[in-house]
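Protein chains in written order, with the numbering used here: chain X, 164 to 666; chain U, 18 to 289; chain B, 12 to 352.
Just so you know, these hints were derived from the structure itself, not from any lab.
Treat the numbers as computed from the prediction; the structure is a model and nothing was measured.
Keep in mind that a hint or two might mislead.
Mimicking PhoX-like on lysine-lysine, the simulated pairs with C-alpha atoms at most 20 Å apart in a straight line are [unchecked claim]:
{"id": "1", "chain 1": "B", "residue 1": "346", "chain 2": "B", "residue 2": "284"}
{"id": "2", "chain 1": "X", "residue 1": "631", "chain 2": "U", "residue 2": "87"}
{"id": "3", "chain 1": "X", "residue 1": "637", "chain 2": "U", "residue 2": "87"}
{"id": "4", "chain 1": "X", "residue 1": "636", "chain 2": "U", "residue 2": "87"}
{"id": "5", "chain 1": "U", "residue 1": "201", "chain 2": "U", "residue 2": "178"}
Here are some of the chain U residues that sit facing chain B, going by a computed Cβ distance under 7 Å [stated by the list, open to error]:
{"id": "6", "residue": "96"}
{"id": "7", "residue": "144"}
{"id": "8", "residue": "265"}
Every residue gets a Cβ at the ideal spot worked out from N, C-alpha and C, and that includes glycine.
Listed here are the chains, written in short residue letters.
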Amino acid sequence: MSALTTSDGRLASFQQGQPPIDKSPQPATGGPPTAETILATAARLRREVGLTFHEQLMEDIYADAARLADRAVTRPGEAERFDLDRSIDRIVTSRVWGFPMMILLFALVFWITIIGANYPSQWLSNILIGTIYPWLNNMADALGFPWWLSGLLIDGIYLATAWVVSVMLPPMAIFFPLFTLLEDFGYLPRVAFNLDNIFRRSGAHGRQALSMMMGFGCNAAGVVATRVIDSPRERLIAMLTNNFALCNGRWPTQILIATLFIGTLVPAWLGGLVSAAAVVGIAVLGVAFTFGVSWFLSRTMLRGEVSTFSLELPPYRPPRIRQTLATSIVDRTIYVLWRAVVFAAPAGAVIWLIANITIAGQPLAVYLVNFLNPIGLLIGLNGVILLAYVVAIPANEIVIPTILMLTVLMTGASGVDGGAGVLAQTESHQTIASVFQAGGWTLLTAVNLMLFSLLHNPCSTTIYTIYKESGSKKWATVAALLPLAIGLVVTFTVAQVWRLIAY
Amino acid sequence: MTNEPKQIPITDSGCAGCPMYNPGHLERLGVDMSESDYVVGLAGNPNVGKSTVFNSLTGLRQHTGNWPGKTVTRAEGGFVYDGARYKLVDLPGTYSLLSTSLDEEVARDFILFGRPDVTIVVLDATRLERNLNLALQVLEITDRAVICLNLMDEATRRGLKIDDRRLARDLGVPVVPTAARQGKGLDELLRAVNDVATGRSVGRPYRVRQRSAAVSRAVDELVGQITQVFPDLPNARWVAMRLLDGDENIAESIRSGELGQLSRAPRLEVAA
Amino acid sequence: MIDLIFNPLLALVLAIVTGLVLAVLFWPQRGLLARLRRARRMSDRVYSEDALKHIHKAEVKGRRPTLHSISGALQIDPNETAALLGRMTDAGLLVDDAGTPRLTPAGRDAALHVIRAHRLWERYLAEETGYDEAAWHGQAEEREHELTPAELDALAARLGHPTYDPHGDPIPPPDGALEPHGGLPLTSLPPDQPGRIVHLEDEPELVYAQLVAEGLSPGQIVRNATVSADRVHFWTNGDEHVLAPILAANVFVQPLPEEAVEPVGGRPLTRLKMGESARVVALAPGLRGQERRRFLDLGLLPGTEVTAEMRSPSGDPTAYRIRGATIALRADQAKYIRVTE
């Protein structure tokens, strides 16, 4: 059936039973020709000329193009291809240097992003949460807002928005311009060229390497980046698997949990190294899932979608650094702000509401957590974590603050500022660890949280983007449910095996 | 053996400087013409510096979005030349216009149905033969074209000498050498665009020759019928070739009469 | 109850059992649900159309269709087959000619409609989708029963009124008769006579899949065929092939006079060494549909000079210089482009 619903849906027109146009191959004799006779004549001539028409047409055009170019161009020296280009290509696609250079370059991009984002993130957080947030609270008090209004607006909507902006804006505004520079220079097509064989084996396109890299920054941006893949089937594969690239919104979760639970398993001097290895391990697992799921999709759901491959390696051109940086940073800022307002703000409102609407003296959140708890425990997590993932669908970066807030709400643990529905802001790892302890977390909880953070539905921005890009509700649904199903199966299996071994 | 059946249409009659564009279809393509007098399409192969040309011509007056219903990025911007307001629409970079991909379909539909007042074809001067393939296809659809021979600086660096006047004579449309990165040649490009838009310069574009007698006969027969049904269609030959190639979109536009609308006289409301 | 679920072993076992049950139910093609749907689709009409096809094929090949050959083709038991043939005779599709079912004119029209649907659909799959060659036949076997004549006409128009399916079988025109492909089995091609492959028999599917795996497709020129009792050797596309006679008998060729065969010559583009240049001789017929058009648009035409520039460090795509641009092509596509020695 899938052949009928291929990307462009062109076949649909004939399915709906268009009137047959070829009933009278001979044009009506007598009377002036009409649109119908033109089409009939065309059909008849096509049969006469045969199917090589396209080939003859292209041959004619290229023959003329070659002749005209020959007349216009004189080349005194026979410099077939620019030597500099050739030399660069020799190095970046060489057997020896190709891969090491690539890894080094991307490691550098990530390093610059992580280091560079730290300071502006801190600074934004100080301003938005440290300064403006109390000021807004004072304003609300001064204006005599009722507690629920200031709570909903400031503790709910404002805080979630501010959180998303301060976590996401700096890495996005560093990561993507760097990528754009590499693209302008002409290096990215070479990456696709180097890696294509690996992607080909899983039925995907070499350029998926690029959208995957973008996905490490932001999955929604990665999905848009699949536009460079000009083959319909490979493009869909790239969209559906982009979520397995661990995005910026999820890195902080991974790092925090790895530091608190994995790093503490070994002597302190090894802690940093081991927790870093754990995070990288999760990211690599994500890449493995990208290939596995690509392979699976190209052999099941996407069998029969059209596939055409060609990859131009354009000449190298010096990038226009200042202009690229300026437009790219502005683009990303606008994008993050849009996303914060459209997706994060409502999430903030919902989080505040479930913590503050009480039924029979208990907040709504308590009922929800208790309801989700058995399922959570079954897959090695708990109800708080599941609820946090449900309400934080719009933005993965508020998962940890939501978990903290809900755990405090459930257990009454102390040490975290704020209150019901106020996204927790904490400085010390010790406080966080004690809150998690109060919540009954074990090493299994931590490992499964790291796995689940990698393997669950994409954030709603990404789902929406996949819907827009694929133009299909079906694929958006698959993109949302497939990773979630994988995540549930993986965490469930890990939990049971863990318990079997542990007891 | 150019079997060009008709004179250059419409512009000769009555209103020489009137815009040509097809307002109804442009609206459907999401191009708002309320603030502009002329619309210009920007076509070219990938990696020929098309976006540099676009940025240089429009500066900061541009915005990006998608083609309606398509996930193909569209950038549009504006410029003013000689008192006329121009809208510049960046078309997807393609090797060809024979609609094997979404990008090609978008570019093709814009040039054919949107009927821009001018289509600029950006060519990479260092790879002329490959790039002329697209230029020749555009010239089959429209005679209102200007060739922007970009990356002239790179061509010079590689020791290539390009005779742009000869190329212009051969192609039958203005050819402007540029180096958009250095901002060279853009004034001349604007002047050429303006000349074509206002009808001061009328193209007699090169048409591809058919080498096979059977194909040539088939095209002629079909062109005869098409010109009888749509007398003012400027690109009957191209339409015939698309039909022979089995292009369902073009067949559909004949069936629905959309193609017929293209052959109507231009709008008359704009007084000179 | 909760405690029971939290027994990890039990939970694991329960989950595995659930997974198995779901797989048995929903597995594509082999699952119960798929089987059920197929069984529902296998209506009387489908059986009767398959029977018409079988009888038509037998008549074309000059064989006598029997109750047993029909029941074997339909995979239903002879009693049911007899009842089916009875109903078809009542409907005016068959006449009973001394125990041999023969098609009436109405029956022949119906059979041709199904054959046309089958072959057009295969053509469609070959030109406009990415399905493997081995999957075409099976899909067409299902679709042939669902398409109406109006839909077929529209499909034919869309595909440019093709006259042959991708296996080289003629597609019957809407109201015309079927011309046979006119080839003879490769095993009976006289030695040293070249021939053009006109047809690859697509049944049984297993044999067909092997022929496809050999890289054979209609339009290719076969030369230097030598037939022995247990092996058939021949050359096509510059490569030597060896087939078991039982496979070679499913390849049909049209003998060509020696002088009419232009030496196809050339070698696949993939044989080019880095830095080596050659001119394109032809694009092999196995390159079809959109992929072929894409290559033509890139300027890969007979006579075009191509230079192998560099190979990916991971081994596969190779970048070629084609009319001034560097374009990477995968080996499984580049093998269709024949270049000068």
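Structure-based check of each hint:
1. Distance hint between residue 346(B) and residue 284(B) is fulfilled; the C-alpha atoms sit about 14 Å from each other, no more than 20 Å.
2. Note on residue 631(X) and residue 87(U): the hinted pairing holds, with a Cα-Cα distance of about 9 Å set against a maximum of 20 Å.
3. Restraint check for residue 637(X) and residue 87(U): the C-alpha separation of about 17 Å stays at or below 20 Å, so the hint holds.
4. With a CA separation close to 15 Å, the supplied pair residue 636(X) and residue 87(U) stays within the 20 Å bound.
5. Taken as a hint, the residue 201(U) and residue 178(U) pair is honoured in the structure, with Cα atoms around 17 Å apart against an allowance of 20 Å.
6. Among the interface hints, the one on residue 96(U) is violated; its C-beta lies about 30 Å from the nearest C-beta in chain B, farther than the 7 Å criterion.
7. Taking 7 Å as the C-beta contact cut-off toward chain B, the hint placing residue 144(U) at the interface holds, the least distance being around 3 Å.
8. Because the smallest distance between the Cβ of residue 265(U) and any Cβ of chain B comes to about 6 Å, under 7 Å, the interface hint for this residue holds.
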